[in-house]
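Which chain is which? The protein sequence lines are A and B, in order.
To convert, count from 1 in the first sequence and add 257; that's the working numbering.
To convert, count from 1 in the second sequence and add 62; that's the working numbering.
Keep in mind the hints are simulated off the structure, nothing from the lab.
It cannot be assumed that every hint is accurate.
Claimed, not checked - List of simulated lysine-lysine pairs, DSSO-like, C-alpha gap at most 30 Å:
hint : chain 1 : residue 1 : chain 2 : residue 2
1    : A       : Lys-689   : B       : Lys-123
2    : B       : Lys-101   : A       : Lys-660
3    : B       : Lys-123   : A       : Lys-565
4    : A       : Lys-335   : A       : Lys-534
5    : A       : Lys-697   : A       : Lys-660
6    : B       : Lys-138   : A       : Lys-565
7    : A       : Lys-746   : B       : Lys-214
8    : A       : Lys-746   : B       : Lys-224
9    : A       : Lys-565   : B       : Lys-101
Listed below, chain by chain, are the residues.
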Amino acid sequence: MISIWLPTFVTDRLCRQKAKWRYKPLATVASAHKVLKIESSNLSARSGGVYPGFLLADAYALIPDLKVFESDPVADAKELSLLADWCGFYTPRVAVDGIDSLWLDISGCAHLFGGEDRLVNNIESRMQRVGFEARVGLADSPGAAWAAARFLQGKKRLIAPGATYFAMMDLPSTALRLPPDIIHGLDCLGLSKISDFLGCPRGPLAVRFGSIVGERIDQALGRSKDLISWRKTVPCLREQISFSEPLCHENDIAAASRRLIDQLCSKLTIDQCGVRKVDLILYTVNGKTCRFYIRTKTPERNPDHLMKLLRENLRGFVAEFGIEAAVLAASQAEPLRATQRSMGGRLENLHQPSVVDSTELVESVNHLIDSLSNRIGEHNVSRFVSRESHLPERAVYLCPALKVPLNIKEDEISKHSLQRPIRLFSYPERIKTITSGPNKPPTLFYWRREEHQVVRAEGPERISPEWWRYKKRSTATRDYYHVEDERGKRFWLYCEKNCLSKTPPTWFLHGTFA
Amino acid sequence: MIAPVRINVLSLAELRRRVESIKCARSFDSGMAMPIGIKKIDDRLPGGGLSFGCLHEFIDKGFDAGTGFCTALLGKLLAYRDGFVLWCLSLSSIHEFGGLYAPGLMAGGLDPQRLIVLRAAREKDVLWAMEEGLRCNCLAAVLGEVRRIDLKSSRRLQLAAKASGTSAFLLRNLIAEGDSYSAASTTRWRLTTAPVSASTKQLLPLRERWRVELLRCRGGLPGGEWILEWNYEAGDFHLVTDFCDRSIMSTKG
């Protein structure tokens, strides 16, 4: 487990915007109880004596040319989460810890970077390069790594396996991630080092400070688990590639992704699996990540098809300063048995449907849905699915084609006994009408500033509201009329009436017939 | 392109067929077209119906008659071909004319289960999706609703349709009469809703009734004009009036 502590994260973030601020005293302020207080300061300001918690006026007295910004916790959190994504280069399990720290679970990852020692150096130097001062601690448990990052330097910050107990002994009680009032209480008792109370009976400590002290000790020593919310679930399969020179060109990135896809697909073939969702994460030189994802309707391990989908997404991608690493992660995989393809592979005679092999037809429909969904958007490529409802706009809805099986049961959308319009407006449009009396179809109506004279009408068809769907019982019923105007255009109008209130009925146009 | 002729001696019928295919950019055999079901219309079309693997253009101001007529044609086409129908709409078309409604399509003869509906923000994406659909061999037909299309993109669609044998339908709403008809389509139809004439006091129920004009037809006889009705029960067209042949009109009144 690794803990990365960024002691001057906030000011480093500001320095990244302008390089010349780096060596000037810099601080951020926030107003607390109507006074402006220093929230964070960089190394140069700290050497001048300005530390977080100072009043702004005092800080100016110490450093007259102090550059001050208002603190922006939202932007800080955003930047930290971006940085966490970027650390996905080391391990898929990354978590944000507080406002200036990250957790990395590096179990099984260290050997990829040449050992723990070199991994820690790599993280520190890469962080330095993108402009963040970083302290890294490595230990068996998250708690010990947290302490090592903050209180140990040099070789000591890598706590060897099994050496946690002795390493923690010498550290002050602040290394236990305890709230400030408990630390103050421990100090008052003279228990300033962990070794002072590590061997003590837990009972008296728990009576005085609650169970938290014991819990933190157990967590640091790895006797109990820490609850860490990892940023995302671990993908089942992952391929990674690093480049000695940053890649900038779209075609080069595509070629690299093709290699990753080939590697992934050969692994999938061994596992008898197919992917439903694939993420391509590109790590840029300037500490950002770019994420592309593709989704497929059915489990897929055909490299050509996956590459076609990914290539479409990569089109027009501009890597500002270049890509230094790429990771391809299969975030959703399902079992996929090997299938026998028909001989010939291609469809011979297209005009005779009997020749078309049905499994191949299904496969190519799925491929088409994949490529359309990936370019136009998952929610814009859809199929009709019916739902039990009286309301016409709810009775049928469009469901993303990626989620609907190709063969829906035959009689799901049944032929309606009553006529239904062929085009329906998602929001019924208000119209002005002239009617000859109540419960009668209109004789004239205005829709979109055009006058329509009703020649013939059919109706009414009364549709009551679905009261069980609303908390507040709605009483407006709809009377639908199928009308034809003098030019032969047919419309579906309805009159909304509220039985309980005396308000006059309102008319809407809901759809048009063919 | 037609492959170079290897055999020197060809029968006259074969030669005629080749000349015809060069003239019409594809061969019109009887198996290559879908009969509409009205003999008077089918006789004017090459191959006796709407040919597969071609671009057919339907012009309609309001998209009501056009949607209904295309739905009926697609429904008939699915009886001949396997696979799905891809219907591409642009968002502007949905806002202006409403989205597709499955029970209405069902009544119009098209099974909504075999439909993939695509909503694209721009017309450029509609054309891209149509071409993508036409290049794949799994669809029976592709329909796109577009307002503007230039000769180049319509030619691309025509070529893609020809290569895969998938029919392409283009539903266009040309507002003004003088709008360009520049699409490289095999057939072009104009559709309008037709009112019931005053003399025939047809009572309820209200029925779909379209005035269908065949404006252009490569390898066939353009210029026909008919009034068709959709018969829900039979799921077929019904000829009401033929403007080319006055005798039917007089018998029908």
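Comparing the hints with the structure gives:
1. Lys-689/A / Lys-123/B: holds, 23 Å
2. Lys-101/B / Lys-660/A: violated, 43 Å
3. Lys-123/B / Lys-565/A: With Cα atoms ~38 Å apart, Lys-123/B and Lys-565/A exceed 30 Å; violated.
4. Lys-335/A / Lys-534/A: Holds: Lys-335/A and Lys-534/A sit about 25 Å apart, inside 30 Å.
5. Lys-697/A / Lys-660/A: Between Lys-697/A and Lys-660/A the Cα gap is close to 44 Å, so the pair fails against 30 Å, i.e. violated.
6. Lys-138/B / Lys-565/A: Given that 30 Å is the threshold and the Cα spacing comes to 33 Å, the pair is violated.
7. Lys-746/A / Lys-214/B: It is violated: about 34 Å lies between the C-alpha atoms, which goes past 30 Å.
8. Lys-746/A / Lys-224/B: violated, 35 Å
9. Lys-565/A / Lys-101/B: With a Cα-Cα distance of about 45 Å, the restraint between Lys-565/A and Lys-101/B is violated, given a limit of 30 Å.
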